[in-house]
Amino acid sequence: MTTKTVRLWFLPAAFLAVPSSNEWIQGVRMSALSFLDRSRSVAHPGFSRWLVPPAALAVHLSIGQVYAFSVFKNPLLATHGADGSQWNLKEIGYIFSIAIAVLGLSAALFGKWLETAGPRKAMFVAACCFGLGFEVAAAGASTHQLWLIYLGYGVIGGIGLGLGYISPVSTLIKWFPDRPGLATGLAIMGFGGGAMIGSPLGTKLMAFSKAGGHAAIPSAWVTMGILYFLFMLLGAFMVRVPADGWKPAGWTPPAQHSAMISSHNVEVNTAMRTPQFYFLWLVLALNVTAGIGILEQASPMIQDLFHGQVTAVAAAGFVGVLSIFNMGGRFVWAACSDFIGRKPTYMIFFALGTVLYFLLPYTGTLHMDSVVLFVLIAGVLISMYGGGFATIPAYLRDMYGPYNVSAIHGRLLTAWSAAGIIGPLIVNGILDHYNAMHMPREQAYPLILHIMAGLLVIGFVANLLVRPVAERFWMKERPTAAIPLAAGQAPLKRRA
Amino acid sequence: MASERKTSAGLVAAAWIVVFLPLTWGIYNTALSAAKLFTHLPTKPPAQVHTP
Chain A
29 MTTKTVRLWF LPAAFLAVPS SNEWIQGVRM SALSFLDRSR SVAHPGFSRW LVPPAALAVH
89 LSIGQVYAFS VFKNPLLATH GADGSQWNLK EIGYIFSIAI AVLGLSAALF GKWLETAGPR
149 KAMFVAACCF GLGFEVAAAG ASTHQLWLIY LGYGVIGGIG LGLGYISPVS TLIKWFPDRP
209 GLATGLAIMG FGGGAMIGSP LGTKLMAFSK AGGHAAIPSA WVTMGILYFL FMLLGAFMVR
269 VPADGWKPAG WTPPAQHSAM ISSHNVEVNT AMRTPQFYFL WLVLALNVTA GIGILEQASP
329 MIQDLFHGQV TAVAAAGFVG VLSIFNMGGR FVWAACSDFI GRKPTYMIFF ALGTVLYFLL
389 PYTGTLHMDS VVLFVLIAGV LISMYGGGFA TIPAYLRDMY GPYNVSAIHG RLLTAWSAAG
449 IIGPLIVNGI LDHYNAMHMP REQAYPLILH IMAGLLVIGF VANLLVRPVA ERFWMKERPT
509 AAIPLAAGQA PLKRRA
Chain B
207 MASERKTSAG LVAAAWIVVF LPLTWGIYNT ALSAAKLFTH LPTKPPAQVH TP
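These protein sequence lines map, in sequence, to chains A and B.
Counting the first sequence from 1 gives a position; my numbering is that position plus 28.
Counting the second sequence from 1 gives a position; my numbering is that position plus 206.
Hints were generated in silico from the structure; no laboratory data involved.
Certain hints may be false.
Keeping only pairs whose Cα atoms sit at most 30 Å apart, straight-line, the calculated DSS-like set for lysine-lysine is [stated by the list, open to error]:
| hint | chain 1 | residue 1 | chain 2 | residue 2 |
| --- | --- | --- | --- | --- |
| 1 | B | Lys212 | A | Lys275 |
| 2 | A | Lys140 | A | Lys275 |
| 3 | A | Lys238 | B | Lys242 |
Some chain B residues judged to face chain A by a derived CB distance under 8 Å, without partners named [claimed, not checked]:
| hint | residue |
| --- | --- |
| 4 | Thr213 |
| 5 | Gly216 |
| 6 | Pro228 |
Glycine included, every Cβ here is placed at the ideal spot set by N, Cα and C.
Let's have the full structure, built from the sequences with the hints guiding it.
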């Protein structure tokens, strides 16, 4: 062996194994990862803020896939283990439940970290978790080990869901101080739209895998994991945070502002000590619970209320109509809230929602017998369900300022997890009772929907009780950059 | 002081197209499914007119 060959052989060994080179490797790795740091994602002067909503949409359109998980239910039911064992519907149902529960938990736990790490790093971690979750779940489906699917799609993917959901929120609010509702509405609309992409994508990929002679679910999940990872990565690379003191060209913060819009920031742990946080938690939880009352049973409900008139195929179409209203409502209501205010927007949700939930069962065959009216009312109700999700970040920004809004939003999302348990419990509990008593299911819906109307009344009261945050909770050293007080203007007197 | 580099309108348009393409595909598929609600509803028989 020549000296030159020895030297060449030695080089990679030195790179990989010699202790002194570890610092160099670490340095390379650190500098590669530092691209993800908040400081490296500060926008240069002249950067267009209109690049940020597509970045947020790339993430939300991906993670919204979770709402389309039901397309995998029947294929999962049909799979067999090596010993011929099969999973039941309840066991498969836990996959989605774990994912949503972990979404709420991770949003609450990592929200504060996200505020310091910045949106790019958070989106990158979300992309890794969501993509990896699919790969681990694919291994579980391939080897017929349900715990691996729980771990992959439920836990690892769920962390990706939670981080991905909250990561663009505060960034968008900082880029759009003039239209925070519109900006966050655009992103959260993506979560609704994600189901519309995830459902046909999953179905087509499974059909393609099957046609190619591969196991349908594992192949589809491996592909989806890679596709979603890359798409979310695109969002992570596009996102930028505005430089300190940036404001939109030509926009001047209003000198006079509503008492319902805070002129100071509130830190996340302090926000948890304010009564407003718990009223808003109730507002979100009750709005979501009521919406789930319809979403959970959309297909059987329309078939039961219009017995013999609406087929299973038409009922599937009804679910599609609701998805469109859900997505549209997220954008429309959140954008409207910029003009009419957050509190009045929720007042509309709760007041109009109460009336419509009360009326909905009377559109059935036994009373008005109008499918069109039923679909219209249900559509408006679901638009307000989506609108509730999309308007809450801007409501939080109004209450607590933009400084910690992602972290506060993350903690408030536990309301979603709670509603995801309470809503189906009410609906399925009542339906099970009617089934056990051998009573017609269509007679159960007035009770279910009127309970939802009652919950909205409580939500109305909770929203009514939301007042400006008391001055003692403000971060004195951090007035909101977006809405400073006009020169000489005394701060508004606030009471908790 | 950092020099001002304007983001090109083409880049902004491309970013929106990249996210709206899959979304449009999803909405199209959902609309196809939603249309079944209206195409699979049986038409009600016309109400009988009672003439004196």
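(request) Determine which of the earlier numbered hints do not hold for this structure and return their numbers in increasing order. (result) Violated hint: only 5; rest satisfied.
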